[in-house]
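Number of protein chains: 2
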Amino acid sequence: MQVVVNISLKEGVLDPQGRAIEHSLRGLGFQEVSEVRVGKQITLDIDESDPARLRQRVARMCETLLSNTVIEDYVIDIVEQE
Amino acid sequence: MQVVVNISLKEGVLDPQGRAIEHSLRGLGFQEVSEVRVGKQITLDIDESDPARLRQRVARMCETLLSNTVIEDYVIDIVEQE
Chain A
1 MQVVVNISLK EGVLDPQGRA IEHSLRGLGF QEVSEVRVGK QITLDIDESD
51 PARLRQRVAR MCETLLSNTV IEDYVIDIVE QE
Chain B
1 MQVVVNISLK EGVLDPQGRA IEHSLRGLGF QEVSEVRVGK QITLDIDESD
51 PARLRQRVAR MCETLLSNTV IEDYVIDIVE QE
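Those sequence lines, one after another, are chains A and B.
Heads up, the first sequence is in the numbering used here, so the first residue is 1 and it goes up one at a time.
Heads up, the second sequence is in the numbering used here, so the first residue is 1 and it goes up one at a time.
In case anyone wonders, no lab produced these hints; they're calculated from the structure.
A hint or two may mislead.
Chain copies aren't distinguished; within one or between two, either way the pair holds.
No more than 25 Å apart at the CA atoms, straight line, and that leaves these computed lysine to aspartate or glutamate pairs for DMTMM-like [to be verified]:
#: 1; residue 1: 10; residue 2: 50
#: 2; residue 1: 10; residue 2: 80
#: 3; residue 1: 10; residue 2: 35
#: 4; residue 1: 40; residue 2: 63
#: 5; residue 1: 40; residue 2: 80
#: 6; residue 1: 10; residue 2: 47
#: 7; residue 1: 40; residue 2: 15
Model the full structure from these sequences, guided by the hints.
Okay, here's the thing in structure tokens:
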């Protein structure tokens, strides 16, 4: 099964990368931009057919390696196979 | 309006970061993992109410700054306001 994990900075955590992008976009004439936040999107193929167990394992992966749970939140989406 | 832009490497482009994560996850005992791909998710607040113009402007931002269109694809999602 394919899983998409979106990892984003927690509310209130400073996002210097987002600030830099916002500043650059405004400098390029995109004045209508504000509040830029940058996160990671990780796509994984997992050899597990049970959705509940799959979600549990991916949560473990997030807690163990993929995200820094002190400053980041993660959202797990299981991609329905056609 | 809030917009989410997902930027990912094009099919066939080597993803060393994804490979490193896959290798680490397997080393941590998550043998069921394969095909790890890492992308960026950028969230922006845009002062533009017309969805068509909004999409056009964000596409320009992607082409100009946010993505490297030689090796990356981007997908623009407009977040419906409650």
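Here is how each hint holds up against the structure:
1. 10 <-> 50: Neither: 29 Å inside a copy, 29 Å across copies.
2. 10 <-> 80: Close across copies (21 Å), not inside one copy (27 Å); limit 25 Å.
3. 10 <-> 35: Within. Shortest intra-copy distance 14 Å satisfies the 25 Å Cα cut-off; inter-copy 27 Å does not.
4. 40 <-> 63: Both: 15 Å inside a chain and 19 Å across chains, each within 25 Å.
5. 40 <-> 80: The answer is both: 21 Å in one copy and 21 Å across copies each meet 25 Å.
6. 10 <-> 47: between (30 Å within a copy, 23 Å between copies)
7. 40 <-> 15: Classified as both; 13 Å inside a copy, 14 Å across copies.
Hint compliance for this structure: hint 1 alone is broken.
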